[in-house]
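Trainee: Residue strings, one per chain:
2 protein chains.
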Amino acid sequence: MKNYIKYHPWEIIEEGFNTELNRVSESLFSIGNGKFGHRGNFEETYTGDSLGGNYVAGVYYPDKTRVGWWKNGYPEYFAKVLNAPNWTKLSIKINGEILDLAHTKVIDFKRVLDMKNGFLIRNFSTKLKNGICVTVHASRFCSLDQDDMGALSYSFTVDQPAEIQVSSYIDGNIKNEDSNYDEFFWENIKSESNDNLCTLILRTKKTHFYVGVKTETNLFINNEKINHFQSLKSSTNSPSVSASFSIQPNQSITIEKKAIVLSSLNVDKGLIDQVLVNEISSFQKLCYEDLLNNHKKAWAKKWNESDIIIEGDIVAQQAIRFNIFQLNCTYSGNDERLNIGPKGFTGEKYGGSTYWDTEAYCLPFYQSTADKSVARNLLIYRYNHLSKAIENAEKLGFSGGAALYPMVTMNGEECHNEWEITFEEIHRNGAIAYGIYDYINYTADKKYLAEYGLEVLIGIARFWKQRVNWSEEKQAYVMLGVTGPNEFENNVNNNWYTNKMATWCLNYCEESIDWVKENYPTDYQRICKVSDFDENERKAWALITNQMYYPFSDKYNIYLQQDGFLDKELIPVSQLSDDERPIVEHWSWDKILRSCFIKQADVLQGLYYFENEFTQEELQRHYDFYEPLTVHESSLSPCIHSILAAKLGDEKRAYDFYLRTARLDLNDYNNDTRDGLHITSMAGTWMTIIKGFAGMEVKNDQLIFSPLLPKNWESLSFKIKFRDEIQHVFLDKNGIKININ
Amino acid sequence: MKNYIKYHPWEIIEEGFNTELNRVSESLFSIGNGKFGHRGNFEETYTGDSLGGNYVAGVYYPDKTRVGWWKNGYPEYFAKVLNAPNWTKLSIKINGEILDLAHTKVIDFKRVLDMKNGFLIRNFSTKLKNGICVTVHASRFCSLDQDDMGALSYSFTVDQPAEIQVSSYIDGNIKNEDSNYDEFFWENIKSESNDNLCTLILRTKKTHFYVGVKTETNLFINNEKINHFQSLKSSTNSPSVSASFSIQPNQSITIEKKAIVLSSLNVDKGLIDQVLVNEISSFQKLCYEDLLNNHKKAWAKKWNESDIIIEGDIVAQQAIRFNIFQLNCTYSGNDERLNIGPKGFTGEKYGGSTYWDTEAYCLPFYQSTADKSVARNLLIYRYNHLSKAIENAEKLGFSGGAALYPMVTMNGEECHNEWEITFEEIHRNGAIAYGIYDYINYTADKKYLAEYGLEVLIGIARFWKQRVNWSEEKQAYVMLGVTGPNEFENNVNNNWYTNKMATWCLNYCEESIDWVKENYPTDYQRICKVSDFDENERKAWALITNQMYYPFSDKYNIYLQQDGFLDKELIPVSQLSDDERPIVEHWSWDKILRSCFIKQADVLQGLYYFENEFTQEELQRHYDFYEPLTVHESSLSPCIHSILAAKLGDEKRAYDFYLRTARLDLNDYNNDTRDGLHITSMAGTWMTIIKGFAGMEVKNDQLIFSPLLPKNWESLSFKIKFRDEIQHVFLDKNGIKININ
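Sequences listed follow chains A and B, in order.
Using this note's numbering, read the first sequence as starting at 1 and increasing by one per residue.
Using this note's numbering, read the second sequence as starting at 1 and increasing by one per residue.
There's no promise every hint is true.
Identical copies carry no separate label here, and so any pair may be met within one copy or between two of them.
[To be verified] Result set (PhoX-like, lysine-lysine): computed pairs, CA atoms no more than 25 Å apart in a straight line:
(1) Lys64 with Lys474
(2) Lys539 with Lys297
(3) Lys395 with Lys591
(4) Lys388 with Lys591
Quick caveat, the hints were computed from the structure, so don't treat them as lab data.
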């Protein structure tokens with residue numbers, strides 16, 4: 001755990017420069033606009049330890065799988081989000097010495113993420129080896145107003161007369177650190193620089209995505225624009241323009257750089273070059289300040305929809321805004337081909353691909369804070385992948401239109417290759433079905449079933465039907481060889497959560513069929529045809545839902561995580577010593593698997609979903625049994641525990657778990673923030689407030705609140721969009737007030 | 001399944017050249033002498049599909065592990081036997097055209113492995129593209145008489161006058177096909193050729209093993225020795241000598257090549273060059289025929305110890321001799337640093353390393369057909385690895401001298417990296433302890449316990465003690481998260497075989513302690529000291545053996561392979577269609593894991609070991625339950641089933657399984673003979689005859705036979721070494737006769 005970020009209600013502030021924290025800070029100071037984004041890397045040269053990261057939504061590369069021992073059913077490729085050209089790059093040479101904080105003496109240093117206005121600021125002074133002191137003020141943003149555009153302003157002064165050489169370039173020599181075979185994933189299509197313009201168009205190998213970047217750089221001395229740029233002979237992938245001049249200590253130099261970032265997802269390949277020219281021209285008359293102001297207005301609108309105000313607890317306030325800010329940087333929801341990578345635009349880890357996190361954790365945030373089309377697009381993403389999910393199931397031996405959605409995917413194809421996850425962590429199929437239910441329950445857009453949803457539900461129901469088998473021994477249906485949400489158990493039988501999800505899916509599919517049949521008979525006919533669906537299939541489904549086996553302990557009066565769970569030694573986490581944690585770093589996999597320790601909510605994840613089927617006493621019993629065994633080594637665990645603790649009126653634990661999820665990255669609890677931020681768990685943080693402390697639920701088409709205010713909060717207020725109305729929710733010690741716009 | 005090898009009691013014969021079968025034949029025609037060996041590759045150039053393979057015992061390389069997803073506890077390296085310099089190579093140029101069967105018209109072709117005399121013959125005629133017909137007679141051997149030496153004779157005639165260029169070289173440009181990162185594993189130390197001698201000394205990277213090869217090549221025209229060799233400028237790693245001359249159709253050319261193969265396992269690195277010189281000189285006066293005759297005598301002696309004669313069934317006769325031949329090629333037992341790789345000197349697969357196969361399948365063959373020092377050396381190999389086994393256990397979180405022997409090893413370090421095997425297939429520890437018991441039971445060398453065995457048994461007992469845990473639920477000790485011998489089940493709880501092995505080990509260790517304490521009190525004191533052993537440890541062992549849980553089905557009245565086995569759909573293998581088999585090739589891993597299909601004997605492996613604890617009815621019940629579910633996709637499965645079937649008096653199944661194991665490679669049942677022969681399963685074949693059909697057991701220090709002669713066998717006879725006496729066993733329809741030498 002770290003604690004170097006200064007508290008502030010609207011800002012993330014780092015003071016002083018600690019090279020060992022640089023990767024962590026680069027993650028924390030990431031910005032994006034849903035279409036592209038980047039880590040908080042420096043504009044100027046930095047040769048110290050750094051994870052460079054610039055990403056363009058939807059642009060991926062199918063890296064060849066690396067595997068120790070091949071198992072039939074593995075995918076050959078792992079599609080990963082690519083490190084893309086970096087438009088922010090500058091090189092500053094002062095009396096021949098390159099400004100590089102890895103080699104100079106840093107006098108003071110401050111990074112600020114202004115979340116309210118959505119931009120990144122960095123101010124520092126440093127003394128070069130040649131003795132010259134430089135003071136820099138830099139800021140930049142990825143425009144939320146014009147989502148093809150980004151801009152930066154970089155000003156500096158020196159304390160002695162000096163010869164300056166400024167180069168402004170696009171860095172196209174970019175690799176992924178996680179490349180399996182150390183490959184360069186890009187081919188050069190065009191690289192050009194003239195006057196103050198640089199253009200770089202690259203194409204991904206294999207997938208042939210085009211990414212085009214064009215920058216315009218302007219130079220000001222004491223706010224007066226000068227222009228003596230020259231294009232430099234530079235490496236093929238890094239077009240550059242450069243200017244040389246002398247300055248005096250009383251002069252301030254400002255470099256303003258605007259960038260257009262396009263990809264062939266949105267612009268025809270053949271037109272990218274021309275559209276770059278047009279777009280950069282359209283911004284020519286606007287200076288950095290103008291562009292930033294438009295961007296700020298767009299963020300103001302975003303905050304108006306999604307802000308949460310916590311009075312009396314700056315630690316909690318800063319954290320929730322950081323989570324909301326990053327969620328809005330990651331996904332804007334206007335493109336059904338895109339989804340939410342676990343790291344968003346803040347790192348490479350997990351390949352930037354889509355996991356069940358989207359449906360299980362992210363959907364509620366987007367459906368409550370944005371237009372319903374945003375959540376709908378997340379669902380249509382999966383609808384569009386249905387045929388791939390059917391192929392994926394066929395690869396494993398399923399048939400008849402059974403669909404198994406991939407564990408990890410970019411374009412619908414499975415990317416992951418650990419048998420115990422890829423083949424066995426099939427509860428993801430349940431989350432995808434639950435997402436449809438959740439969306440419809442929240443938005444009342446029931447027609448979605450007829451348009452898209454039912455086809456997906458049928459494919460999933462068919463999968464569960466084939467995935468269970470009848471146990472003569474138990475005289476019940478069982479589900480063998482699965483991995484539940486708790487990935488510290490592999491290849492178990494009858495994971496309660498998965499069994500429960502399976503029967504829920506079958507029931508929901510049945511209900512949905514009845515409803516579509518009655519309300520949209522023409523659609524129903526169409527769906528039966530395209531899915532080759534026969535009502536007789538339902539008979540087997542009904543048998544399964546009626547005779548599914550759920551592991552249960554009479555002794556503890558609880559559902560068991562899986563068959564044989566009580567054969568383990570039940571040791572509470574509190575008995576682990578600090579130097580054993582996180583166990584995933586300190587223990588062998590053998591020891592972990594045989595232990596009782598739970599990585600993330602598993603039975604409790606099911607109770608969270610199906611809370612209404614259980615009494616408060618049942619919830620309490622399960623919570624009391626499982627929580628003490630849970631090490632929360634998944635970022636997705638604390639949020640569910642916070643919500644359940646709030647429902648159980650356990651204010652202290654609800655609050656503690658809130659801080660753990662909300663400040664997961666700010667405090668680097670899992671010692672992995674350097675790899676990027678835990679974007680999908682940030683949506684879980686949002687849920688802890690809305691579903692936990694405010695206790696919001698939709699029942700009978702009504703929003704219901706059962707609040708529990710943390711003791712040290714004076715008030716909690718937020719807006720929530722529900723069925724096209726904005727509800728203002730205000731909660732303090734006197735109770736809850738709801739105003740509807 | 002293939003069936004192209006001609007039947008013959010003493011020979012393996014291939015007629016005609018089928019390029020698609022070449023890799024299979026290269027495996028079948030492998031030869032070796034325990035110290036080095038090679039596949040049946042051609043002496044002359046062959047550019048068609050081929051797996052080149054020359055191996056020197058004990059020379060390995062720690063190839064960097066390739067892994068998809070790292071798990072704590074994995075080893076960083078996988079030690080593998082190396083493809084070593086090939087001394088057999090010739091290049092024959094006739095009127096400028098290189099003789100290469102990939103490009104000529106083969107007129108006739110015959111390969112013969114003369115098992116009686118232990119050498120390989122190849123005769124063929126072929127028409128070159130230039131129209132010349134060449135007739136070749138080649139033969140070679142790896143000397144059993146002088147195990148640093150090999151020799152070949154290669155004669156040919158042509159049907160037209162021709163210009164000939166013969167090159168004789170050592171091929172040191174050798175790679176492993178299974179190299180993880182396509183690395184070249186060798187460094188050149190010396191490469192030289194002059195007169196008719198070539199010398200190549202290579203050193204392995206990292207491990208720094210030296211391998212030195214020196215060849216002497218002599219040329220005869222019509223049996224008259226001529227010598228106009230020149231050394232050629234050749235590539236660094238392939239020293240070569242060459243001769244050019246003209247020949248007439250009535251002239252026959254013979255190339256005789258002798259080779260010395262040394263490694264730094266046996267000769268000091270600095271002396272290798274000199275020893276090569278000395279040894280090649282010592283053979284200078286002997287021609288190929290002389291050397292071959294000495295070699296034949298050595299094989300005659302070997303056969304005298306280990307032959308099995310089956311009258312009336314040439315198919316069975318050929319097969320058992322092939323198995324015995326290859327076992328004797330692989331391991332001679334005079335070096336405790338060596339062991340038996342699953343492929344011996346016949347291929348790269350499985351890295352040439354040591355598996356539990358050695359103790360479970362190979363030990364009985366060597367202890368019955370060779371001096372007891374041979375089996376003892378196999379045990380001392382493990383004794384020497386005890387400290388590594390303790391380290392290996394520590395890596396997984398065990399302590400206090402608990403030893404987990406590696407699944408796959410060369411020098412005692414674990415090499416394998418699949419968590420479900422590496423961490424979980426721990427029954428191997430049981431086989432290693434059982435090997436000690438088996439050796440002592442057979443040889444009466446009980447002092448071995450005091451000298452070496454007990455230390456190993458204590459390390460293993462400590463492991464089991466820590467590996468089980470008390471189940472409150474079951475009120476018994478359980479063993480969670482294991483993989484039994486049936487690798488089609490992973491991470492199961494309470495695999496009966498493993499639980500049984502564990503308690504057997506604890507009991508055997510207890511007995512052994514008592515015996516050593518009483519009979520060798522000084523040794524006992526020493527062992528207590530080096531092992532830091534305290535008698536109090538025994539209390540926990542006794543609790544475990546008394547209260548171990550064994551899964552049992554009341555319904556079927558049998559032990560269950562593991563917890564939950566009866567939740568599976570029990571479908572007999574007979575219901576699988578042919579095009580689904582082998583399932584490991586046709587099914588996804590997901591489907592295999594969830595099926596009831598058993599890869600190899602698991603519960604039955606335990607019944608085989610502990611047969612005397614069960615009634616004939618119990619054996620029958622278990623056999624009838626498990627055999628129909630077994631797909632025998634491990635080469636180690638049919639032998640155990642054959643033995644059990646024989647014990648149960650089921651002559652037909654015993655015989656069918658005998659053929660399946662005995663002709664596994666000759667008929668390529670598993671479609672993988674191309675990778676090399678299944679050497680360790682060949683020892684299993686030997687057991688089917690000795691322990692199955694002859695029904696040999698050691699009871700109360702006596703050899704007991706309970707024979708069952710296959711219907712079509714007129715007689716079965718063999719010699720067996722038991723406690724320094726050779727017993728001649730003869731079995732026909734009239735019963736069994738045993739004469740003691």
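Trainee: All hints, please: hold or fail.
Mentor: Now for the hints, and whether the structure bears them out:
no.: 1; hint: Lys64 with Lys474; in the structure: neither (43 Å within a copy, 46 Å between copies)
no.: 2; hint: Lys539 with Lys297; in the structure: neither (56 Å within a copy, 75 Å between copies)
no.: 3; hint: Lys395 with Lys591; in the structure: between (32 Å within a copy, 10 Å between copies)
no.: 4; hint: Lys388 with Lys591; in the structure: between (36 Å within a copy, 19 Å between copies)
Against the hints set out earlier in the document, violations occur for numbers 1 and 2.
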